[in-house]
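Chemist: From first to last, the protein sequence lines stand for chains D and V.
Numbering follows the numbering used here, with no gaps: position 215 of the first sequence is 215.
Numbering follows the numbering used here, with no gaps: position 386 of the second sequence is 386.
None of these hints come from the bench; they were simulated from the model.
Hints may contain errors.
[What the hints assert, rightly or not] A short, non-exhaustive set of chain V residues, derived as facing chain D with CB atoms under 7 Å: (1) V2; (2) K9; (3) S10; (4) N13; (5) R319; (6) E320; (7) I323; (8) S326; (9) V327; (10) G328; (11) A329; (12) R330.
[As the list claims (entries may be wrong)] So the derived label-pair ranges between C-beta atoms look like this: (13) V:A19 / D:E5: 49 to 59 Å; (14) D:E141 / V:R15: 26 to 36 Å; (15) D:H146 / V:R406: 29 to 39 Å; (16) V:R365 / D:P77: 57 to 67 Å; (17) D:P77 / V:V284: 54 to 64 Å; (18) V:R15 / D:L126: 25 to 35 Å; (19) V:A290 / D:L126: 56 to 66 Å.
This structure is a prediction, so every number in the text was calculated from the model and none was measured.
Positions of the beta carbon are idealized from the N, C-alpha and C atoms, including for glycine.
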Amino acid sequence: MNPIEPAIEIEGLKFAWPGAAPLLAIDSLTIGRGERVFLKGPSGSGKSTLLGLIAGIVNLRVGSIRVNGTTISELRPTRRDRFRSDHIGFIFQLFNLIPYLTVLSNVLLPLNFSLERRERLQNENLTDEVLRLLTALGLAEGDLLHRLTTQLSIGQQQRVAAARALIGRPEIVIADEPTSALDADTRAGFLRLLMAECRSAGTTLVFVSHDSALETNFDRTLSMQDFTASTQMRT
Amino acid sequence: MVIWTLALKSLWNRRTTAALMALAISISVALLLSVEMLRTAAKEGFTNTISGTDLIVGARTGPINLLLASVFRIGNATTNISWATYQKIAKHPDVAWTIPISLGDSHRGFRVLGTDQDYFRHYHFAGDQSLHFTAGHSFQNLYEAVLGADVERKLHYKLGDTIILAHGVGPVSFEKHTDKPFRVVGILAKTGTPVDRTVHVSLESITAIHVDWRTGVHAPANARVSAEQLKRMDLTPKDITAFLVGMRSKVLALRMQRAINEYTGEALLAVIPGVALNQLWSLVGIADTALMIVAAFVVLASLLGMLTSILTSLNERRREMAILRSVGARPRHILALMVIEAGLLAALGVIFGTIWAYVLIVAGRPILQNEFGVFIDVNVPSAYDISILCIIVLSALLIGFLPAFRAYRNTLSDGLQIRV
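When you get a sec, could you build the whole thing from the sequences and use the hints?
Modeler: Okay, structure coming up:
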């Protein structure tokens, strides 16, 4: 039903941490390019593990994961690291930023590790791009760039983190509960701007949260219940 | 390279702890370096005690005993050698000069050495330096004394002062040559050798003050010979403790040594100063090797301190590592981050430690020279010093791998989860 190219394809995935009960079981899951997906589930349901698998940080033994057409579960760890930094941006719940770097350095950090993301911005002034992203995300104050991130409010920090995830236009942004530390007003504003920026850049967004109030903003909702091994065994 | 920038900025962010770590390392490095410099200086000073002398001859005893007694004025020669034997060797055609030495008396803890004018002419130390007078001149008559630099400085004597010699060499002596006081006629320049701690008098004076002594006890007052009477007596000594020999040519020394050691008229021992000094140093050197080992352990302790400190910081920095991983840092970057940090701290420690050591040596130089007679040359670090410093930095880099692997493992197990 979805004719657009897939960004993430998961097939026959089964996962258990060593010595623990089976955690994840996904027969088939496809997330299309440019799609904005809400992944909901209570804590402990394996959300972070699933993100780790998609990011290629957790080793997969059974099944396959393709990201942008590359089967990352078959790549060697160093190749996977490079692949991740080239194609995926991350936003976490809290403490996203390196405390001893300025806002500007924090946002530019991924470009130091990814040649591909840097090359995508070849013809642009990097500082201008950072300013553009921060403005798009609602941080318009220009003097912010050279401040240390410890001087920012949490809401501002999350915007800087979002700018960092988006710099160099990675195809996929994974956001792991990025709004749970924000108050309701800030949360709505942050989400709106993040969605808008993803849309204009054609970025695939996987947004994880336990807060189902947010799911109406997204193209599609995935529930961890459908992916956990124990649930599937029961049905 | 971004990792360098990150390592520097991260370290700067923790500058207080980092500075303390580097300070601890620098102190230990300063200790190690100054011990090393002192050690070299002490050995040099030691081997410089006597030079130009080809043989030391005394009654048969151990080579080290003979060296200690004749050159370092430590301990006692048990037996003397006869004046006749001394004359016989001194007149040998291969012998260029001799310095007779007669020991056994002291003055307020300083040894008294009986000798003749050849002492001031031929005694050399530290290569080719000879003795110089800062004041006065050599002894010309009976009851005249020439003081070493330390004796003059410690006891505040000046030319013309009268001093009383004591019989025996203990620091406190009850038997004194009170009836034959000596006058200070000369003061020698500082040499950094035992000469500085010696009171020099003529051989005749030594004979004179002992004329009426029998087996270590002074004759009763009425049976004594007066100082004036003595001036008219023949005061050629019957025996001396030892003598130094300078040969016409170095190569003759070995032959002469064998001849003296095989001399049948009297049980004699001839030693080559350099050989005996080396033997002695191999004994004394144990202490300074021990000092060096202690200093090395202090460096090791400071490096372990750094390791502990880095390992402790690792927990607070777990978040930093996870963030770096999420933006694309590979495990080897994390590894490099930790190793660079350890290396930087050690390098800072080594640089500042070297500076401290030089400050210490320059500041302590006058004290060492005046109090202990150790002369330290302030040179650029020797190749050996530099290799020690490099080893310290390399060990730090190696040590850095420990927290690096720990961080590496953390980042693997943490994945992208940020733990606080």
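Chemist: Next, verify each hint and record whether it holds.
Modeler: Comparing the hints with the structure gives:
Taking 7 Å as the C-beta cut-off, the interface hint given for V2 of chain V holds, the closest approach to chain D being about 4 Å. This hint holds: K9 of chain V has a C-beta 5 Å from the nearest C-beta of chain D, less than the 7 Å allowed. Given the 7 Å rule on beta carbons, the hint for S10 of chain V holds: about 6 Å separates it from the nearest Cβ of chain D. The interface hint given for N13 of chain V is met, as the beta carbon of that residue sits about 3 Å from the closest beta carbon of chain D, less than 7 Å.
Taken as an interface hint, R319 of chain V checks out: its beta carbon lies about 5 Å from the nearest beta carbon of chain D, inside 7 Å. Proximity of E320 of chain V to chain D holds as hinted, the smallest CB-CB distance being about 6 Å (cut-off 7 Å). Taking 7 Å as the C-beta contact cut-off toward chain D, the hint placing I323 of chain V at the interface holds, the least distance being around 6 Å. A cut of 7 Å between beta carbons decides the hint on S326 of chain V: the least distance to chain D is about 4 Å, and the hint holds.
At a threshold of 7 Å, the smallest CB-CB gap from V327 of chain V to chain D is about 4 Å, leaving the interface hint in force. Taking 7 Å as the C-beta cut-off, the interface hint given for G328 of chain V holds, the closest approach to chain D being about 2 Å. At about 6 Å, the closest approach between the beta carbon of A329 of chain V and any beta carbon in chain D falls short of 7 Å, and the interface hint on this residue holds. Restraint check, R330 of chain V versus chain D: the minimum CB separation of about 4 Å is within 7 Å; hint holds.
Separated by about 54 Å at the C-beta atoms, A19 of chain V and E5 of chain D satisfy the suggested range of 49 to 59 Å. Roughly 28 Å separates the CB atoms of E141 of chain D and R15 of chain V, a value that falls within the hinted 26 to 36 Å. A C-beta distance of roughly 33 Å is found between H146 of chain D and R406 of chain V, which places it inside the suggested range of 29 to 39 Å. Between R365 of chain V and P77 of chain D the beta carbon distance is about 58 Å. The supplied range of 57 to 67 Å therefore holds.
About 59 Å separates the C-beta atoms of P77 of chain D and V284 of chain V, a value consistent with the hinted range of 54 to 64 Å. Remark: the range hint 25 to 35 Å for R15 of chain V to L126 of chain D is upheld by a beta-carbon distance near 28 Å. Range check, A290 of chain V to L126 of chain D: Cβ separation about 60 Å, and the 56 to 66 Å hint holds.
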